[in-house]
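Colleague: Below, each chain spelled out in residue letters.
Protein chains: 2
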Amino acid sequence: MKYTDLKLLKFLLFNVHNIEEILKFPKHSDFDKETINMFLDAAKDLSDQELYPYYQEFDEKPAVYEDGGIKIHPQFDKIFKAIVESGWVGAHFSPENGGMNLPHMVEGAAGHIYSAANNHVSGYLALTVGSANLITSFGTQEQIDTYVPKMLEASWMGTMCLTEPEAGSSLGNLRTTASPTDGGHYDIKGQKIFISGGDHQFAENFVHMVLARIDGAPKGSKGISLFIVPKYRIKDDGSLEFNDVLTAGDYQKMGQRGYCTAHLMFGENDDCRGWLVGEPNKGLKYMFQMMNQARLEVGMTATSIAMSSYYHSLQYAKERRQGKKLNDTGERATEQALIIEHPDVRRMLLLQKSVAVGSLSLLMESFKFYDIVENTEGDKKNDAFLILDLLTPIAKAYPSEYGLLAASNGVQVLGGYGFTVDFPQQQFLRDIRITSIYEGTTTIQSMDLLGRKITAQNGKALLLLMERINKDIAKAKESPVLEKYAGKLEEAIVVVQKTLEHLLPFAFQKKYQSYLKNATLFLELFSHVAISWQWLKIGINSLESTDYNENFNQGNILTMKYYFNYELPKINYLSDTILTAESVTVDDGNDYIN
Amino acid sequence: MKYTDLKLLKFLLFNVHNIEEILKFPKHSDFDKETINMFLDAAKDLSDQELYPYYQEFDEKPAVYEDGGIKIHPQFDKIFKAIVESGWVGAHFSPENGGMNLPHMVEGAAGHIYSAANNHVSGYLALTVGSANLITSFGTQEQIDTYVPKMLEASWMGTMCLTEPEAGSSLGNLRTTASPTDGGHYDIKGQKIFISGGDHQFAENFVHMVLARIDGAPKGSKGISLFIVPKYRIKDDGSLEFNDVLTAGDYQKMGQRGYCTAHLMFGENDDCRGWLVGEPNKGLKYMFQMMNQARLEVGMTATSIAMSSYYHSLQYAKERRQGKKLNDTGERATEQALIIEHPDVRRMLLLQKSVAVGSLSLLMESFKFYDIVENTEGDKKNDAFLILDLLTPIAKAYPSEYGLLAASNGVQVLGGYGFTVDFPQQQFLRDIRITSIYEGTTTIQSMDLLGRKITAQNGKALLLLMERINKDIAKAKESPVLEKYAGKLEEAIVVVQKTLEHLLPFAFQKKYQSYLKNATLFLELFSHVAISWQWLKIGINSLESTDYNENFNQGNILTMKYYFNYELPKINYLSDTILTAESVTVDDGNDYIN
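These protein sequence lines map, in sequence, to chains A and B. Numbering follows the numbering used here, with no gaps: position 330 of the first sequence is 1465. Numbering follows the numbering used here, with no gaps: position 553 of the second sequence is 1688.
Treat the hints with care, as some may be off.
Pairs involving identical chains hold if they fit within one copy or between any two copies, as the list cannot separate such chains.
[As the list claims (entries may be wrong)] With a Cα cut of at most 25 Å, we get these calculated DMTMM-like pairs of lysine to aspartate or glutamate:
| no. | residue 1 | residue 2 |
| --- | --- | --- |
| 1 | 1145 | 1726 |
| 2 | 1142 | 1156 |
| 3 | 1453 | 1201 |
| 4 | 1705 | 1717 |
| 5 | 1354 | 1466 |
| 6 | 1705 | 1659 |
| 7 | 1137 | 1682 |
| 8 | 1216 | 1192 |
| 9 | 1137 | 1685 |
| 10 | 1645 | 1463 |
| 11 | 1206 | 1470 |
Because the hints were derived from the structure by calculation, they are not lab data.
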């Protein structure tokens, strides 16, 4: 069963996003089109054999808490080892840190394959890599040498420990404490909840990246420091000793049931040691390096689920006969039609494809800017960083919100069968639901976009992004097929401008409530512009490329047309609402919501 | 825990929809405000005690197939008996048929309470009542006497058996056969799938209402007849004998797991007898009596789930502190706020309330027309029937589609907790997902609306509905508070007219593909108009009534404003898309969707 299209993925990588520009950087000189193709083909083979066949089983036999620890499905052991073997874990690291300087674009593309095959897998490894990345970036050489090599082997696995019972979206309120000792370590005490991959039987050790407050540190987010807190600490003779990190339980969830979610207790017996990473009170800043990457990964997870949902429902639509085709001739059809012939089923399929492929393209775009950041200096680096930072909340929130809609349409294509566990369609819907909550809810993403990213450096990020979009518009205008859609995107940019002209004065006057009260609507509006831009780029490359067949190219053009006709027009009502809506979500007392 | 607001329900019944107009009909002379309040209070007490406490347990311990039959949770036995005791089952039937002439409005209101408390329950009983209603309407006196009394006791339970493996949305293709015999019965043979409530341990007998094709009958939907096929047939001595109705299995589902879904086999051993209801080949017409009521009931189920989701997330939002409130003063707040103070959480709450209460109001409106149909003759009856018929697809599809969005927002309000099984929020989302599929998918509803109901009798239904809406607009215009919203609804009606002026010529030219290709968008557009109308009526009555307190009235006004500001504006992009979209969902070959 098809869960993603490798041809399409490579088209995005090589044609639409021209990875060859990245391969020109000296760091990536070991890679060319052929080696990248081989890397992706290997990821697909591995996914076909070891990941996809277990997708429904991971749901049916979920992670469970027993005897003080969490047990996950036994197949994970085989999968972790095989993916480590493939080189994907920490592939973007430099060779001296255990990687192979693989571009983020390729790492992301392989991650898409794994997650489309089985979205319960990659989180375990991505958080391990993210943790290793944090240590490599901000830790001491000794910390790097102690932890990172074992993490890239996935024999030790990493987690990010932020959330506490009273500190979720509001991290500044966290209560976990770190008390300095004479031994070079801190004594850690506190509880962390919702820790993805926080405990299971297939790692020798866990390297928890824990946010905590050093005794006497400032209140709020300015007093948070980052610590390495291993489940087992390393004694002088190199052996491991329990570090008083207890697993209190596992959350049972509506989806992603194979991906465990731990409740951890640090220092219940006052014997939990943590080692400071970098400087005190800079923990939140450091953690945001990992957070930003995790946001892209969550966007990719959502994208991948939506992609698999699309192909599964497409397959059904091409096989199931039901109802007679309507036509414009006045005659009734006599034969049962394939359901893919019905306009509304086609609409539901195109909706799914436009969301999944548009999101994948936006993520590739984002990873490309990430690669540019890592391969350049000065203005180039800064510009790429600003654009990446602007795109991140969109690349996280759009796939997770519209991916849910897409997956729900996937269920709908199958009718009653879609609701049964006999088909994975309902599992896609259940699995994807968490992605708009993980690593900052959509509300948080929208406030990040409008409250920080749009206004940073007097709107420089937006200007830089618009330059690039306008370049693609100009190119598309040369094509008789695309001219019209380029025009629609141009009009959409005017809508964004008009909306910001209305909003920004509130920001200048520090009227933050008025500025941000409809931030989620702005995020949705801006997302449609970003995804339309991706579809225009896909359109340009579909017409230019001679590498692919007619059905492939016309399939892209058709989906692009769907997006411009059915999705992009939503920006008008979103903008109108932002511009004209009465203040119904502020001002009134809480008692009026009853 | 609050799952619905009885005060609000009574406000809809007595104020907004003025049930006293229905109580004036002689048939309902036994009822007055007091007796209706008592009836609803009793339903609420029963729900509090016997239904709501088992909501999550029905999910955790779902219906299972074992030893050739389906076992449902033991609590169902107690619930069925208690609800029968309450008089709800068949309450709208006349006393000679075992009922008490209760208006549909009240029956629906009590059904809402039961379903908001626990949506896994009412289907079993509603299908039993619907089946009994079919027999009462079209069966012989002997059939009525044989089956109906036991059904209204729920000792025998009814089902509707339509769907087959190859006949879902397209019923004309069903293959179940009925062969005439000399014994006054037909031999039935065939398989039926997705039979809700189709088998369990708490009924002595099942009275299946089966659609089948008599040998030699015309092809397609014109050759379908309706049969009573009991699981156990009645021997001459009154004892029961197995009628060769086998239960082949139960579908495991993503939601409504306490409500069983059977796969039934009729006549596997060539010993299954069915008794014709009414005339041959009129089965589909008869069945649509039951189907139309079932559609309203599905809409009510969705509404009730969305309602319970709303109150559960509201409770959380009033207790959970997280993050600091934004304001327009330029100063940062210092204390953690309740999350209900954040504009985006308020938006998510108002969205839920506007969908759930708007849907409930539309259903009450529909039930009122149903009551008028049953209490009048001539033009009055015909007019009410036409409007009811027009509203039915909306009252089914809007709550199920927007209810899903509402329930998803309910999850989002709780953040990570919403995804865990520790809170019912995720169950609401899983349960509600089936409602846009049951009894005709949203696609089917939209084609029913645009393809049949709008065009019937030269658009008479629409004209009659508009008369009523315009009357409420005129009334609202007299109020300084409501004038503005009345104007918005007036503009919205112009949008409907403009959209239909574009579409109807296709219908006249029999260009059915062009006419119906965007029918779901039209359904969504028209739904927003219908729900806005309901909110305007709620607004009028909230300002007029002196029975309720300020918070209650202002809460309604606030939610009305939310709907007019955030939901109704969607009609503009929907209309624009219908009017201007290129034909991306028709014409192109299937190979372009790839």
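Colleague: Hint by hint, work out which the structure violates, then give me just those numbers in ascending order.
Modeller: Structure breaks hints 3, 11.
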